[in-house]
Amino acid sequence: MRIWLMDRRHDPERNAAAYVSGELSRRARQWFERHILDCDDCWREVLLGRFGRRVAEDAREPVPPGLRDRVRASILLSAD
Amino acid sequence: MPLRTQHEEFLHATMGAMDLVYNLARRFTQRREDTEDLVQETYLAAYRAWCEHRRPRRVEPWIATICLNLGRSRYRRGVRRPIEVSIEDRDFRAPEVGDPERAAEAAMDRQALYEAMERLPEEQRVAIALVDLAGLSTAEAARAMATPRGTVLSRLHRGRRGLAALLWSEVRGVEE
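Same order as they appear, the protein sequences are chains A and B. Each residue of the first sequence is one higher than the one before, counting from 1 in the numbering used here. Each residue of the second sequence is one higher than the one before, counting from 81 in the numbering used here.
Read the hints as simulated data drawn from the structure, not as lab findings. Please note: incorrect hints may appear among the correct ones.
Derived Cβ-Cβ restraints for the label pairs, each shown as a range [what the hints assert, rightly or not]:
1) A:Arg34 <-> B:Tyr194: 22 to 28 Å
2) A:Leu37 <-> B:Asp117: 48 to 54 Å
3) A:Leu47 <-> B:Glu132: 36 to 42 Å
4) B:Arg199 <-> A:Arg34: 32 to 38 Å
5) A:Leu37 <-> B:Arg134: 27 to 33 Å
6) A:Arg50 <-> B:Pro201: 30 to 36 Å
7) B:Ala125 <-> A:Leu47: 36 to 42 Å
8) B:Gly96 <-> A:Leu37: 29 to 35 Å
9) B:Ala219 <-> A:Arg60: 17 to 23 Å
10) B:His133 <-> A:Trp43: 48 to 54 Å
11) B:Thr231 <-> A:Asp40: 24 to 30 Å
12) A:Leu47 <-> B:Arg152: 19 to 25 Å
Ideal placement from N, C-alpha and C gives every residue a C-beta, glycine not left out.
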């Protein structure tokens, strides 16, 4: 997976987003983890990104009871 | 092994994605009934495509894209007409806890979270819904949103940062 910083584009937003989403290759991740120790901008973006992601995941809601049956029934009806 | 009918095959392949579709649909609608309607519409549209032999390699991004397209048109329709929001619509289900005080706190947290999500620009909300709630990769989200992956990464990060800032100010507001 590409990391923008390694292409000499210092882009804390995209790098932090890819890092927090776990989408960097092992090599890119190791490189970025060394980098954030020296780069306040990337460090801050990673902290904010992690917190925001945790908050976003907390917004997940369970499927209401009965919705699966309703959808199943509508598919069966349209199949007839 | 008995042959499955088309609809059985479809339901077997797609019902596991219901959680994803519901949470994505939730980002486009304010009322729970509308969310459920959007989920049903999504499944019916997906079933029609399935019957036309348009079968995806991976169900999740495929059905998420269908929901996204329907949700966007519904959302735009929704913006033009007044939205009635009843108290019941804002009644967030609290986790099963014996202590009513804790249950009330949990419901308030959920309310703050929901409102913070609502305040994000649509494209950031959609990026968060696809990646953080639906579990798509940013490459899959980029295909679903018909946008370059770099743009999705930016929207995703700005959305996460926005949520962090909004929730943080909420926490500080309570403490002060």
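So does threonine 231 of chain B sit 24 to 30 Å from aspartate 40 of chain A, Cβ to Cβ? Holds, at about 25 Å.
The hint says 36 to 42 Å between leucine 47 of chain A and glutamate 132 of chain B; measuring C-beta to C-beta, is that right? The hinted range 36 to 42 Å is violated for leucine 47 of chain A and glutamate 132 of chain B, with Cβ atoms some 47 Å apart.
Can the suggested window of 36 to 42 Å be confirmed for the beta-carbon pair alanine 125 of chain B and leucine 47 of chain A? holds (40 Å)
Within 27 to 33 Å: is that where the Cβ-Cβ distance between leucine 37 of chain A and arginine 134 of chain B falls? Violated, at about 48 Å.
Is 48 to 54 Å right for how far apart the beta carbons of histidine 133 of chain B and tryptophan 43 of chain A are? holds (50 Å)
Could you check the hint for me, namely that arginine 199 of chain B and arginine 34 of chain A are 32 to 38 Å apart, CB to CB? At roughly 36 Å between Cβ atoms, arginine 34 of chain A and arginine 199 of chain B fall inside 32 to 38 Å, so the hint holds.
When you take the CB atoms of leucine 37 of chain A and aspartate 117 of chain B, is the distance between them in 48 to 54 Å? holds (50 Å)
When you take the CB atoms of alanine 219 of chain B and arginine 60 of chain A, is the distance between them in 17 to 23 Å? This hint holds: roughly 22 Å between Cβ atoms.
Lying within 22 to 28 Å: is that true of the beta-carbon distance arginine 34 of chain A to tyrosine 194 of chain B? Violated - the Cβ-Cβ distance for arginine 34 of chain A and tyrosine 194 of chain B, about 38 Å, lies outside 22 to 28 Å.
Hint says 19 to 25 Å; check whether the CB-CB distance for leucine 47 of chain A and arginine 152 of chain B agrees. Roughly 32 Å apart at Cβ, these two residues miss the hinted range, so it is violated.
Given a hinted range of 30 to 36 Å, is it respected by the beta-carbon distance of arginine 50 of chain A and proline 201 of chain B? With a Cβ separation near 21 Å, arginine 50 of chain A and proline 201 of chain B fall outside 30 to 36 Å, so the hint is violated.
Satisfaction of the hinted span 29 to 35 Å by the C-beta atoms belonging to glycine 96 of chain B and leucine 37 of chain A: For leucine 37 of chain A against glycine 96 of chain B, whose Cβ atoms are near 41 Å apart, the range 29 to 35 Å is violated.
Of the hints listed earlier, those the structure fails to meet are numbers 1, 3, 5, 6, 8, 12, in rising order.
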